[in-house]
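*Asks:* Go by the hints and put chains B and C onto chain A.
Residue numbers (my numbering), protein chains in the order written: chain A, 1 to 880; chain B, 1001 to 1146; chain C, 2001 to 2143.
Treat the hints with caution; some may be incorrect.
Residues from chain A that keep clear of chain C, each with C-beta distances beyond 10 Å, as calculated [claimed, not checked]: (1) N193; (2) S338; (3) Q419; (4) A462; (5) D514; (6) V570; (7) R572; (8) Y604; (9) I680; (10) E777; (11) R864; (12) D866.
To be clear about the criterion: a stretch of chain B counts as covered by chain A if any three or more of its residues have a C-beta under 8 Å from a C-beta of chain A, and this derived list gives those stretches [as the list claims (entries may be wrong)]: (13) 1068 to 1081; (14) 1098 to 1107; (15) 1118 to 1129.
Listed next, the stretches of chain A that the computed footprint assigns to chain B, with coverage defined by at least 3 CB atoms under 8 Å from CB atoms of chain B [to be verified]: (16) 547 to 560; (17) 635 to 648.
Think of the hints as simulated: they come from the structure by calculation, not from any bench.
We treat Cβ as the ideally placed atom computed from N, Cα and C, and that holds for glycine.
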Amino acid sequence: NEPAWDCEQNGSGEWVCGADVPIAKSPKPITVSESADAAGSSVVTQKNAPSPGKVAKNPQGANEQNQAPQEIIQLEPPRKIARAAGWDCAAGEGDETWNCSLTGTDPKGKPRVMPDERRSFSLLSPAFDHEQELNFDIMHSQLPYDPWENCTTSLGAPPGFLSTKDLRDETPIDVRADYSEIFDNEITGFFGNVDIVRADQRMAADTMHYDTVSQTLDAQGHVYYSEDALSLYSDTMMLKLATDEARLRNTLFISPTTPLRGSARTVYRDSKVLSRYNEVAFTSCKPGNTDWVLHASDLKLNKESGEGSAKHAWLEFKGVPVIYTPYISFPLDDRRKSGFLAPNLSVNNRNGYDVALPYYWNIAPNYDLTFRPRYMTSRGMQWGGDFRHLSEMTNSRLQFEVLPDDQIRNKTRYLAGIQNTTTFLPNLISTIDASYVSDDDYFDDMGNSITINDTRFLRSHADIRYSMPGVSFFSQLENYQTTDRTIPKEFQPYRRLPQARLDLNHSFDFMPVDVSMGSEYVYFQQDQRVSGQRFDIEPAVAVPLEAAGVYLTPKLSLKHTQYMLENQEVGRPRPDSITRTLPIFSADTGFTLEREFGAGASSYVHTIEPRLFYLYIPYKDQSDIPLFDTGEYDYNFYSLFRENRFSGSDRVQDANQVTMALTNRIIDPRTGRENMRLSIGEIFYFRDRLVQLDDPRGSTDIFGNPRLVNQQSSTNSFANLIAEFSAQLTEHLSLRTAGQWDHAQNDLTRGEVALRYTNKPEQLVNLGYRFRQDLTEVTDVSFRWPIYDNWYAVGRWQYSMLFDRTVESFAGFEKESCCWRFRIIGRRYINSINVFAGQEPTGEAQTGVFVQLELKGLTAFGDRLDEFFERNIYGYVRPQ
Amino acid sequence: CGYRLQGTVDLPDNINKVYLQGASGSLRDHFTRTLRSSPVRIVESAGQAELVINTLNEKLDRRVLSLSSIGKANEFELNYKLEYELLDNQGAVLARNQSVEIIREYYNDQEAVIAQANEEKVIINEMYKQAVRSILDLARTQLHKY
Amino acid sequence: LKSDADQPIYIDSNAATYDDNAGVSIYTGNVISTQGSLKVWSDKLVVYFKDGDVDKLVATGKPARFQQTPDSGGDITGKALTGEYYPKQNLLILIKEAVVWQEGNTYASDIIRYDSRNSIVKAGDQESDAKRVRVILKPKTEK
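This is chain A alone, in the form it adopts within the complex:
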């Protein structure tokens, strides 16, 4: 039982130390207690020694015989306990002179923190008064590294910082003081400007007592203590060096790893990793800044489990009390930890008030459950859960959401999903991703309101993948659930039960020949339309020749496809089995010319890259073949060099054509960066195209918008001219334009211009105009611009001229400060679609306000606006 001290300065400034463990040595005044009980130390005195009695002490309780009583050795503490370092001047009596005395080192006029007089509006008295802020500054300067250096919560010491923590046991304790007394080389007392250093531990105090046997250190008066991961200031401090236990009163602390700083009436450090604080107030803001402060009746920080928890906590933001919670827990590092996650509150006209309070339960190191109760005023109570499990081979996740009784649509609505990845071998991996939703409007109504709900299908698939150099095998079962009511049943996508692909490729070392063979088997199923099995095999041989910068790659492949059809459509009879075999020949050739211009720093390299792509495929009638997974590629510069203008295998275009393209680049030779690029390309047809895409859905969708079908007329002798130009105009300004010229219409059928200004992460402006004849015509503006004092204006506006309406718009503000971030936007967007029989469906505009408050180092509340900005504003990077 270690003797431990609890010292308090009472009214008259006299130190009274009670012992809460068996009677132990009281440091001051030295009273030799007669009533030493059995377990405590006893006193041995010398019989007739005239000089002061010798005090032998044996704390381990071994009891020596108790002899004659001992007179008191009166030892007063030094009358004057040293003040804080610096000059201390008082006016001289009468002769108006100053008599100043210097304690500690001469600060030589170093600035000291003056109290911040202009306290902005505040209901509460400042969390830390001027005196405490002064001490925070001193502690801040004593830290081995500055945790608030670049205002980011790095959650950990900077790299390259060596902690000498583990050297504590071997390093001697180095003490300096004005005056010291050592009894029997075991009990030491130090008085006046005491300064102790041991490895990474550093302590300063007015007086200090250290018992070398029990390694207990007891300091009073202006006690500063700092080590790598903690810095403390308190009136009194008791520290057990052996077990790192400590007890402090009226303490200020800084925990640099998070970083957190705060004050507490008493601090108990129970071990190296566990510390308890009560009557605490703390924040992650820089000393001198108390933008947000969390007050709590008591706080527990456990560095081992990485868990912090507080009881009766209330948050003060800018001097205004904001939230009270009986209990809050938060992570000290990035390990997973059970506890309530930040609540999510939002309000919109679909669900009314929407409150969700997720609870994260870290069941075991390899599986956990997030339970998501969510209440919506206009719909009712929804229960959600997210279960995750990890093992060496598998990584799986289960989600479910159920709204038993939706008051608006009065039916049960639910969502269920499973994801799993199993790694049998490093190159043999299977993934499952299946989900089902109870009705089409689920995502519109329930979806997290901030994400643009642009999905029309819910894909579920289970696949397995094996790859080895030269061999890759992929097989899957796939089904789409259509969640968009505007798509009629017969046009919903086919199910692929199963699809299996095997791709082999090999290149010979001694001669430039690459052989490859792609083969695929798919069973397409759809209730309303023709279904069937398709087998497709495509061996190919290519000869990539390259000499002196000129490359020529002839390629010959033979595509053989076989269909076994079933569930024939009544109106459209087809033969039950169809085969199609087509040779495909292509030749890709080109070279690059380059030349240096200018000299020295302003030199640049100009390259001219002509390219020719010849394609020959004979015609074969494929009108009987159903369209399972085939569509027309979007016609752009890169589709000029593809062997087939249709995706999938159900249509192979007949072709006898050559693509001519020319690319010019200006490259900065020092960095290899492309400052300018101009590309022009065109296909010249030597024959009309007979294979067409006869899309059963017709050429326009149900809104009358034309589909992307037969973009090129089949009889023209050359296709649209494509031109692309991009340039880095200045260090921050970049331009990207592209266009397509239709010779027949003698008009531009597609065009886009995008001007992007990015200057460091704060200043972003994107201006864009996109035009596709009859498909879309939109202008798009998005920006993030600093306004004042770390406030930024943020916004995006996309206006569709084809539909004469704004399709997406939001505007708001973002505040970036050292210890908190705040984002707020108002948003107007098209969400649910109401389809009424016989009418053209219209998109109904929604408006909503979204807020996010992030307290760095503690937690974040509200919608995920940071992710939303990253998706909507080009160049916006989510701060980590």
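*Replies:* Frame of chain A; chains B and C shown alone:
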């Protein structure tokens, strides 16, 4: 007229073993396929390589470019961003924070969803091919200084 | 040792002078004085007598050294420019560049009082920070 032919892929001739550190499977596949017709080989460890391409950050994002009248996305932008550095086999940095960004746009009215998924696969493959060519071009410029 | 105080004091030096009426004897030239387990090495030693008894010894040297074996614990050694020893009170005061070693711990200050009977070491000056004390306590080796 002062123009001269430039070889398609000619890293400095003292480099013919390259090690990819931290690259994704797809980038690795396309690197192997592109280098097949050149003397440069991909090796399995940094020790054997003369050039190590150390991937720092690799991201392939799909963003909505434009919305239809009913608020459904119909034009998408595929954005592939790769940040990497060139090291020698001792780990010394030959070229610091290099980056390649490839952007493609394509129309996707999300109705013929399987066909458009096939198209997206083809586009992504082309993006990786171009990324590999850009990495090699940039490497050629940087390494020629040595 | 406690018994040192009752032991006679032996002094050995190159030269010695005795001044009867001043009650002072002065020893010079590598003076070695011992009392029981207490030994003092110094360049000069002045002994003051009061009514026949040794009242005070003042040793000076560059530096003067002393060594003693306490009742418990290892030997105590020390050095200082001037050492004043009061045998009756068993009190040794080291002045100016004083350093005391005991069992690996070192105590340094401009004034150190060592009361060998009660084995109390007092260093530094209570009133001002002029005579700073420097103490180095060796780490607790594993018990």
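*Asks:* Taking beta carbons only, do three or more residues of the stretch 547 to 560 of chain A come closer than 8 Å to chain B?
*Replies:* holds (count 4)
*Asks:* Determine whether the non-interface label on A/A462 survives the test: each CB of chain C must be over 10 Å from its CB.
*Replies:* holds (60 Å)
*Asks:* If I take the minimum Cβ distance from A/R572 to any residue of chain C, is it greater than 10 Å?
*Replies:* Since the minimum Cβ distance to chain C is about 90 Å, A/R572 lies beyond 10 Å and the statement holds.
*Asks:* Quick one: work out the minimum CB distance from A/S338 to chain C and report holds if it exceeds 10 Å, violated otherwise.
*Replies:* The claim stands: A/S338 keeps its Cβ more than 10 Å from every Cβ of chain C (closest is about 38 Å).
*Asks:* How does the coverage statement for the stretch 1068 to 1081 of chain B fare against chain A, requiring three or more residues with Cβ below 8 Å from a Cβ of that chain?
*Replies:* holds (count 8)
*Asks:* Would you check whether the claim that A/Q419 is not at the interface survives, using Cβ distances to chain C and the 10 Å cut-off?
*Replies:* holds (53 Å)
*Asks:* Beyond 10 Å from chain C, beta-carbon-wise, is A/R864?
*Replies:* Non-interface label stands for A/R864: nearest chain C Cβ at 52 Å, farther than 10 Å.
*Asks:* Would you check whether the claim that A/D514 is not at the interface survives, using Cβ distances to chain C and the 10 Å cut-off?
*Replies:* Since the minimum Cβ distance to chain C is about 70 Å, A/D514 lies beyond 10 Å and the statement holds.
*Asks:* Does A/V570 clear chain C by more than 10 Å, comparing its Cβ with all Cβ atoms of that chain?
*Replies:* At roughly 92 Å from the nearest Cβ of chain C, A/V570 sits farther out than 10 Å, so the non-interface label holds.
*Asks:* Are three or more residues of the stretch 1118 to 1129 of chain B within 8 Å, CB to CB, of chain A?
*Replies:* holds (count 5)
*Asks:* For A/E777, is the shortest beta carbon distance to chain C beyond 10 Å?
*Replies:* Consistent with the label, A/E777 stays out of reach of chain C, its closest Cβ about 79 Å off (over 10 Å).
*Asks:* Taking the shortest Cβ-to-Cβ distance between A/Y604 and chain C, state whether it exceeds 10 Å.
*Replies:* Non-interface label stands for A/Y604: nearest chain C Cβ at 66 Å, farther than 10 Å.
Consistency note: the structure conflicts with earlier hint 1 alone.
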